[in-house]
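*Asks:* Chain by chain, the residues:
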Amino acid sequence: MSADSPLTPTQSEDLRAIAAVIIPASAEFDVPGADDPAIQADMVATLGRDTGLVREALDELAHLAGTPLAGLDPACREAVAVELRAKGGAAVATLTRVVLQSYYRDDRVVRSLGLEPRPPYPKGYVLEDGDWSLLDAVRARPPLWRRA
Amino acid sequence: MNDPVDVLVIGAGASGAAVAWSLAETKMHIVCLEQGGWMNPATYPSTGRDWEARAFGDYSPSPNIRARPEDYPINDANSPIKVVNFNGVGGGTVMYTAHFPRLHPSDFRVRSLDGAADDWPIDYDALVPFFEENDRMMGVSGLAGDPGVPPRNPPMPPLPLGRSGTMLGKAMNRLGWHWWPSDTTVATVDYDGRARCINLGHCTPACAQGAKASTDITYWPVAQRAGVELRPHCRVREITTNEHGMAAGVVYYDADGIEQFQAAHVIVLACNGVGTPRLLLNSASGRFPNGLANSSGLVGKNLMFHPYAQVYGYVDEATDSNRAPPTCLWSKEFYETDASRGFVRGYTFQFGRGVGPVVEAVASEAKGLLPWGAGHHAAFRRLNGHRLGLSAICEDLPEEHNRVTLDPVLKDSHGIPAPRIDYTIGENTARMMGHGIARAKEILAAAEATDICVNSPILYGGWHLLGTARMGADPARSVVNEWGRSHDVKNLFIVDGSLFVTSGGVNPTSTIQALALYIADQMKQRLANLFD
Chain A
1 MSADSPLTPT
11 QSEDLRAIAA
21 VIIPASAEFD
31 VPGADDPAIQ
41 ADMVATLGRD
51 TGLVREALDE
61 LAHLAGTPLA
71 GLDPACREAV
81 AVELRAKGGA
91 AVATLTRVVL
101 QSYYRDDRVV
111 RSLGLEPRPP
121 YPKGYVLEDG
131 DWSLLDAVRA
141 RPPLWRRA
Chain B
149 MNDPVDVLVI
159 GAGASGAAVA
169 WSLAETKMHI
179 VCLEQGGWMN
189 PATYPSTGRD
199 WEARAFGDYS
209 PSPNIRARPE
219 DYPINDANSP
229 IKVVNFNGVG
239 GGTVMYTAHF
249 PRLHPSDFRV
259 RSLDGAADDW
269 PIDYDALVPF
279 FEENDRMMGV
289 SGLAGDPGVP
299 PRNPPMPPLP
309 LGRSGTMLGK
319 AMNRLGWHWW
329 PSDTTVATVD
339 YDGRARCINL
349 GHCTPACAQG
359 AKASTDITYW
369 PVAQRAGVEL
379 RPHCRVREIT
389 TNEHGMAAGV
399 VYYDADGIEQ
409 FQAAHVIVLA
419 CNGVGTPRLL
429 LNSASGRFPN
439 GLANSSGLVG
449 KNLMFHPYAQ
459 VYGYVDEATD
469 SNRAPPTCLW
479 SKEFYETDAS
489 RGFVRGYTFQ
499 FGRGVGPVVE
509 AVASEAKGLL
519 PWGAGHHAAF
529 RRLNGHRLGL
539 SAICEDLPEE
549 HNRVTLDPVL
559 KDSHGIPAPR
569 IDYTIGENTA
579 RMMGHGIARA
589 KEILAAAEAT
599 DICVNSPILY
609 GGWHLLGTAR
619 MGADPARSVV
629 NEWGRSHDVK
639 NLFIVDGSLF
649 VTSGGVNPTS
659 TIQALALYIA
669 DQMKQRLANL
679 FD
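Respectively, the protein sequence lines represent chains A and B. So that you can map any letter, position 61 of the first sequence is 61 in this note's numbering, and since no number is skipped, the others follow by simple counting. So that you can map any letter, position 500 of the second sequence is 648 in this note's numbering, and since no number is skipped, the others follow by simple counting.
Hints are computed from structural coordinates only; laboratory data are not their basis. Glycine included, C-beta positions come from ideal geometry on N, C-alpha and C. Hints should not be assumed to be uniformly reliable.
What the hints assert, rightly or not - Ranges between beta-carbon positions, derived for each pair:
#, chain 1, residue 1, chain 2, residue 2, range
1, B, Met394, A, Pro142, 47 to 53 Å
2, B, Leu323, A, Asp73, 52 to 58 Å
3, A, Tyr125, B, Ile406, 43 to 49 Å
4, A, Asp30, B, Pro519, 16 to 22 Å
5, B, Lys318, A, Pro122, 29 to 35 Å
6, A, Thr10, B, Asp570, 41 to 47 Å
Said to hold, decoys possible - The following residues of chain B were derived to be distant from chain A, with all beta-carbon distances above 12 Å:
#, residue
7, Ala172
8, Arg435
9, Asp570
10, Thr572
11, Arg579
All chains should be modelled from the sequences, with the hints used to inform the complete structure.
*Replies:* What follows is the structure in structure tokens.
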């Protein structure tokens, strides 16, 4: 581990490799993969309380691969990833969540979904009023509640 | 040692705030001890880009995950439903959906009407003035005229139906089933110093706009202006008693961790259905060897949660998603007992509007709907912003084996024994949940939703902590009397969800606060002979 990273260099490389397997880049949707440097930097910088379980999952990944995942060819990486996902458990779930939560707050990704890359506050959103005439049928019903 | 006070309230959440505010007009010296601190809305999750991720960390509803210094750990390993709560000024109202139904009149007569559990010692009508007072203080938005509930007049108009509410309303109309816009404590107009809702959408883990009512911004400012003293970051270890068997005061740890003693003439517990029995059991002494106020043996027993059966699916049309308060509609179609359903009592359907992209991704991946690899992006675009869902809030009947005890090993940061939960879902409730899931699938089918998912029970769904110090007229079958006073210790009162004799099938905060105001009113009427 370096002073700046809670992961060893090998773990960092494996995190990058598994992230790319989970969410690869897409030309069709014009989005980066989860191995994108900016997304990876966010992921590592915000590991926080998830660090222990993510390390555990990466160690398990390396165990399944028999070598650092990053050293395998793409087909072998995918095979190991399938095995890891099937194994499940808290560590794998945490690793997956960490990848997803950094990916789906990246500006480029958020824009690609048709959303604005900003926190909800202070601008908020607009909620359509809806069709209140739908309630007419309900208003016509007798009371449903029991008098006691 | 601190000077004695007239009334000491423990807990500054939903009920503690209400009782302190109500008692303030007596001009008694009232102090409230709260283990958490004042909240700072500028730091709430919806102010940052990590707004969704924080729900998995420092704004998790689970105290065990959140693990802030203000939280205490809970051993809930032996329960299929995990306890969720919030500790701070405002308590659980800081972190709740703001769904604000009341118990129904029939909920107070469960034994008489349905032959199950017990009747309450009070009825709905006794609480009506206090429901109304609380609606004004918290600021409730809703629509009068609902045939599913007794008449009430919310002081603010309802939240818009939105896209999700319109889709769900159409589906319910196709089935001929009752639905109505939910009562909520989200302000739809500027109200009593609170700005109206601007649809931050991330209401549950605290509202940065201040549109959602939490007692730190409703009751507490008024109570403090009326003279109530609130001491944050003060965690009570135990209630002590004197030679007369009366409560003498409390031992607590102040904000610096220093042990203090606060004497009081009256002590009011407002610590929720887990915190209150924990404190009573931690207050065992030679005089009260089984815990304080526990001659019935019922302190901690009859824990009720409201198991939630959540069902959701995906529609082609875009829903409101995370861009509106999650509170949307309710349905009372299956609330009252119908013996043909195979269970007694019933449930409320609480309809949602959708979730944000991170929550959608995490949940869908876990359900197997969102693949890893090449198909990921197309699948996510079909799911994200298209979720439509609802939950059956199922009535939990009291069973003594469902209980809160003290864990023999686990302790909080002050070394105070932590609570342990032992809980199983009862047969009647399980049948009710099955019924709710089947009906919810019919509703989603009527809305033309596909890829139906079920979470039953919601694992981190123990929001409603009820029944562990029940009220009643018989000291052998209850912990407090019909106006909240301990049968055993005549200057000790309880005002939180522990009081519930049965749980009903609704979110309980409105009823908890109405009960707290009712008990405060009873105390005020009896000040001359409060301990007789």
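*Asks:* Hint by hint, note whether the structure agrees.
*Replies:* These are the hints, each one checked on the structure:
Judged by the Cβ atoms, the range 47 to 53 Å given for Met394(B) and Pro142(A) holds: they are separated by roughly 52 Å. At roughly 54 Å, the beta carbons of Leu323(B) and Asp73(A) sit within the given window of 52 to 58 Å. For the hinted restraint 43 to 49 Å between Tyr125(A) and Ile406(B), the CB-CB distance of approximately 46 Å keeps it satisfied. A hinted range of 16 to 22 Å for the beta carbons of Asp30(A) and Pro519(B) is consistent with their spacing of about 20 Å.
The hinted range of 29 to 35 Å is satisfied by Lys318(B) and Pro122(A), whose Cβ atoms lie roughly 33 Å apart. Restraint check, Thr10(A) to Asp570(B): a C-beta distance of roughly 44 Å satisfies the suggested window 41 to 47 Å. Residue placement check: Ala172(B) keeps its beta carbon more than 12 Å from all beta carbons of chain A (closest about 32 Å). Separation of Arg435(B) from chain A is adequate, the least Cβ-Cβ distance of about 40 Å exceeding the 12 Å criterion.
Here Asp570(B) stays apart from chain A, with its beta-carbon at least about 23 Å from theirs, past the 12 Å limit. Here Thr572(B) stays apart from chain A, with its beta-carbon at least about 23 Å from theirs, past the 12 Å limit. No beta-carbon of chain A is positioned within 12 Å of the beta-carbon of Arg579(B); the least distance is around 20 Å.
No hint from the list above goes unmet by this structure.
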